[in-house]
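A.B. asks: Protein sequences, first through last, are from chains A and P.
Residues 1 to 242 (the UniProt record's numbering) make up the first sequence, in order.
Residues 1 to 386 (the UniProt record's numbering) make up the second sequence, in order.
None of these hints come from the bench; they were simulated from the model.
In this text, a Cβ means the ideal position worked out from N, Cα and C, and glycines have one as well.
Fair warning: there could be bad hints in the mix.
Short derived list, chain A residues pointing at chain P, Cβ under 10 Å [unchecked claim]:
{"#": "1", "residue": "Thr61"}
{"#": "2", "residue": "Leu92"}
{"#": "3", "residue": "Arg96"}
{"#": "4", "residue": "Leu109"}
{"#": "5", "residue": "Ala112"}
{"#": "6", "residue": "Lys117"}
{"#": "7", "residue": "Pro122"}
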Amino acid sequence: MPETPSAVRPDVRGPLVAIRGVSKVYERGRQRIEVLHHVDLDIPEGDFLALMGPSGSGKSTLLNMIAGLDLPSEGTLSVAGRRIDRMSSAELARWRAAHVGFVFQFYNLLPALSAQKNVELPLLLTRLSAVRRRRNAAVALDLVGLADRASHKPSELSGGQQQRVAIARAIVSDPTLLVCDEPTGDLDRHSAEEVLMLLQRLNRDYGKTMIMVTHDPKAAEFAQRVLHLDKGTLVEQAGTSA
Amino acid sequence: MKYLPLLFAALMRKRTRTLLTLLSVAAAFALFGMLDAVRVAFNAPQSVIGIDRLITSSRLSLIQPLPYADLARIASTPGVKAVTYASWFGGIYQDPKNFFPNFPVEPESYLDMYPELVLPDVQRQAFIKTRTGAVVGQSLADLFGWKVGDKIPLRPTIYPHRDGGDVWTFDLVGIFKAAQPELRGSEKQMLFNHTYFDEGREIGQGTVGWYVVRVEDPARADQVAQAIDDQFDNSAFETRTQSEREFQLSFAKQIGDIGLIVTAIMAAVFFTLVLLTGNTMAQSIRERIPELAVLKTLGFTNRAVLVLVLSEALVMLLIGGLLGLVLAYLALPIIGEASSGQLDVALQPASWTLGLGLMLAIGTLVGLPPALKAMRLRIVDALAGR
Chain A
1 MPETPSAVRP DVRGPLVAIR GVSKVYERGR QRIEVLHHVD LDIPEGDFLA
51 LMGPSGSGKS TLLNMIAGLD LPSEGTLSVA GRRIDRMSSA ELARWRAAHV
101 GFVFQFYNLL PALSAQKNVE LPLLLTRLSA VRRRRNAAVA LDLVGLADRA
151 SHKPSELSGG QQQRVAIARA IVSDPTLLVC DEPTGDLDRH SAEEVLMLLQ
201 RLNRDYGKTM IMVTHDPKAA EFAQRVLHLD KGTLVEQAGT SA
Chain P
1 MKYLPLLFAA LMRKRTRTLL TLLSVAAAFA LFGMLDAVRV AFNAPQSVIG
51 IDRLITSSRL SLIQPLPYAD LARIASTPGV KAVTYASWFG GIYQDPKNFF
101 PNFPVEPESY LDMYPELVLP DVQRQAFIKT RTGAVVGQSL ADLFGWKVGD
151 KIPLRPTIYP HRDGGDVWTF DLVGIFKAAQ PELRGSEKQM LFNHTYFDEG
201 REIGQGTVGW YVVRVEDPAR ADQVAQAIDD QFDNSAFETR TQSEREFQLS
251 FAKQIGDIGL IVTAIMAAVF FTLVLLTGNT MAQSIRERIP ELAVLKTLGF
301 TNRAVLVLVL SEALVMLLIG GLLGLVLAYL ALPIIGEASS GQLDVALQPA
351 SWTLGLGLML AIGTLVGLPP ALKAMRLRIV DALAGR
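The following block holds chain A by itself, in its conformation from the complex (with noise of 0.2 Å):
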């Protein structure tokens, strides 16, 4: 994992990450609609989690609040002992800068900025030198196996190449968790074995917990465990399958 200055873990007793009767309702006019219907799950550290189910099942939903990008309407949500479902938008931000690397399916890199320069975004917000941070992102790059294409664009990158750029950004600041929202979804079959291999890596040799929300149960093999959830309750917990 690329160095960053002080990325110490919390001493955790029990899961990572802790999940107590979580409900979300969404109000659209006089609608009132419930994503989630109290959940309760624990996340071990270092666990390679698979959340799947059809659409509007509520993994999207759940991968949010998990990743601190949405707050439950109910109950409690814990990661590395913080309750962060109590935290307020800009200690969300800190906290997510710090603590969560994020993986999203259409990549979402910056167009403007080369592969280096958006591997360097989180690290802005962090205290490195330039020089640091430009290090830190070419040991990224090159654990992606994209050290060559630092200078490129987005667009001169093929989808997997990007992807794998977005996973170098989502690890450069070692985070505690890796959250993945359909990373294989828009890419060929070859791209998405090759993303799901480095993403599995990563949970294996650098321990990294993840969790993944995807559709496809070939992507869900490379999890060692897979939870289903289908209208906002999670109806069946699988074994490890990695």
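Let chain A serve as the given structure and place chain P on it in line with the hints.
C.D. replies: For chain P alone, coordinates are given in the frame of chain A:
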């Protein structure tokens, strides 16, 4: 500083659009720089200290003539070395579009007063002796193809000829040149004999438009100016003695309130600029909502995103605005030179400061609405394209 690459990446995302916006901003501020220089030139207080040539005209109005009898009193004022006079004729040659200044003057003393108008001695003598004689500058002669011996008819706008004709005809007896290239503007005027003018006009006989005074000691010019004006205090023809430059500006001010005109033009320009850059910024932010959502996802706080977007607008305005002011700074001396020194304008420090203030104000005005929108962006909605 570490966010600068992010800032420039955002600006360079659509290079053509950014370039066009920068050019619009630069054009607006170049115009501002030039107009403000004109405004400052017209409004700046003028001192007569160090100036050896003064103009005495009516305190009431430039179109109010002064009695010819004042000549002797002005000439006898302590500190006055020489005096001459002239009037505004306002004659038109063939078409009003052919405008050029034409003044009746007292030939000998006027040419003595203005040694920078270089006339061959033979032509000078002819001008002094010929009642209907006129001299023109080389530029004016070249413009209309005039040569010595030509008859030049001018149609009066103020003074009809007492013979009932609506044409005054002058004999061109000389063509003068400016002593220095920067005074070439003075070659665009016509001078003719004041005696002929005074005899021929139906109204205003025995008056002159203004007196030109040369002082003995330029360091005492302000005291001399005051002494001249003091003599005519509480008389029917109170005077105002000022520098030539201030006198010329007073002439131009007759068009109207230059400051108000300039301010109105600048207000229209900046109003258009606000609409243009405001629209550009809003469009730019709309297109980048997913990118801004990603920044927030990565941990950029709401305030950081607000500052980032606001900075984009400010940077665009500052780069374009400073470019515009530099262009104005470079263009003003060229314009001054092209006008042969008649338009003596320069970008003053106050204009730079005002320009900088306007850049910051417009940048904030156009940047704040999209910045607030970006700040309030809900990550989950933005990422989902809602």
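A.B. asks: For a quick check of understanding: which of the numbered hints are violated here, in increasing order?
C.D. replies: none
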